[in-house]
Amino acid sequence: MIHQFYKKGHYIVLDVDTSTLMTVDEMTYHLIEDFLQFDQNALIARYAPRYGEQQVKDAIVEIQTMIDKQLLFTDHRYDPAFYHGHDGVKALCLHIAHDCNLKCDYCFASQGDFKGERSLMSLEVGKKAIDFVIEASKHRKNIEIDFFGGEPLMNFDVVKGIVDYARKREKETGKRFNFTMTTNGVLLDQEKRDYLNDTMQNVVLSLDGRKEVHDRVRKTLNDKGSYDVISENILAMVKERGDKEYYVRGTYTKYNMDFSEDVTFLAEQGIREISIEPVVAKKDQDYAILKEDLPRILEEYDILLDKMIADYREQPEGSYRFFHYLLDLSNGPCVYKRLSGCGAGNDYLAVTPEGDLYPCHQFVGEERFKLGTLDTGLEQKEMSVAFKKANLLEKEDCQKCWCKYFCGGGCHANAYNFNQTLLKPYDVACEIEKKRVENALTLQIIKSEEH
Amino acid sequence: MKHIRIINQGNLSDIKNKGCGECQTSCQSACKTSCTVGNQQCQQSK
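Chains as they are written, first to last, in the working numbering: chain A, 1 to 451; chain V, 1001 to 1046.
Next comes chain A alone, as it looks inside the complex (with noise of 0.2 angstroms):
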């Protein structure tokens, strides 16, 4: 399969099954496009009043050379069969409070409870889950823990009494521990701040952008805006994160679809990592995107591109990143991974405070996905397996798509929320990822022949 296009005045061409991108002259787009449809003299005959018959002829042999190659026209199919998945748990999104300082209209757990009892993760459930997580991880080495709430901020102590005992189970077993945050920055003070960057591998810090984007949505508890609470201790800890990984992470709505100046405004503050993500909302809220939408999405994310090829053009080398812009092509993931996509169910799992065990936290909260508890391990295997069974091979709208190689199938949350099941992906969420896809492709392609 391939997926062509024209962009910033590139005739682009991707070969999908082997992840072979190319850039070809009109010609040449044009003949990639009738290729399999003419015989050779067809196609010459089609094309050589309008750029010549030498040249055709010449672009024809060198498609040929990509074909016999096998960098174009591949046709990788793999069987159902071929994806078995690794067996154990790899991950875990460790909710260490279902409690938060803030109460953001459009968040997904409720304003931190997840629809339930606010709470804290102890010490004993969440050495509990580094336990739990070793056994599971069985033959693999790389362990990743994800503190999340609500705002994990609010129990410190316990996050440091995780981490410590982890890194001495890491020395008992020969397991290797990632540790990431996400925090919405209020409580992240000087000694906090210490902390996750002698620790943490990756934060995630949410902030919106402009600061009447911001406050729109993310409120403190007394209904007043929190970007001047939060915006200091985030630019803060940018500063002083240094060359570790980190992301200022957003979210647009239906408030914000000029997001772009979101975007521009992070880095204009210094940050150079930075992810914006459409709102995960219900139809009825005032504040969700929905499929009309999708065009001034889609057009936002083009004024994103320019904006960031003028960005790179201006200081190539200290030019701000934009999460889904980025695409790892010549080391990114292996076919495996791309096939399973997130994980969720099963390499990836999340744990409540109470200990409970749910596919990830968008399902937290969901009685009939939790899959057993820290104590009963994953008792509802059922469940389990139909999340691996939703990976690409299974999915019939994907295996169709030239982007499915990108986003691994989408994300489950999103395709039970709106398709009520997990194998058909949210085709809003797909519409998206395939502009990004093109876009990130695009800057790639800008940067390898400007550099």
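Negatives, chain A to chain V, calculated, CB over 12 angstroms: (1) N41; (2) A81; (3) D105; (4) S110; (5) D131; (6) D164; (7) D198; (8) D223; (9) G242; (10) E292; (11) R296; (12) K381; (13) L423.
So the derived label-pair ranges between C-beta atoms look like this: (14) A310/A <-> D1014/V: 32 to 42 angstroms; (15) S110/A <-> Q1009/V: 43 to 53 angstroms; (16) A288/A <-> D1014/V: 37 to 47 angstroms; (17) L221/A <-> Q1009/V: 53 to 63 angstroms; (18) D1014/V <-> L221/A: 50 to 60 angstroms; (19) L221/A <-> K1016/V: 50 to 60 angstroms; (20) R296/A <-> Q1041/V: 30 to 40 angstroms; (21) E232/A <-> I1006/V: 42 to 52 angstroms; (22) P295/A <-> D1014/V: 35 to 45 angstroms.
To be clear, the hints were calculated from the coordinates, so they are not data collected in a lab.
These numbers were taken from a predicted model, which means no experiment stands behind them.
For each residue, glycine too, the CB sits at the ideal point set by N, CA and C.
Keeping the supplied structure of chain A fixed, place chain V upon it in accordance with the hints.
Coordinates of chain V only, in the frame set by chain A:
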């Protein structure tokens, strides 16, 4: 080649020694509400 410029020569279909399962799960990065695996890195290449 005069008409085709390769930006990335992909090897996605090469599955030899792949699938170790050691790489980061995608939601541990900056996603949390969507899914992108194409921008993850292979653990073996780190």
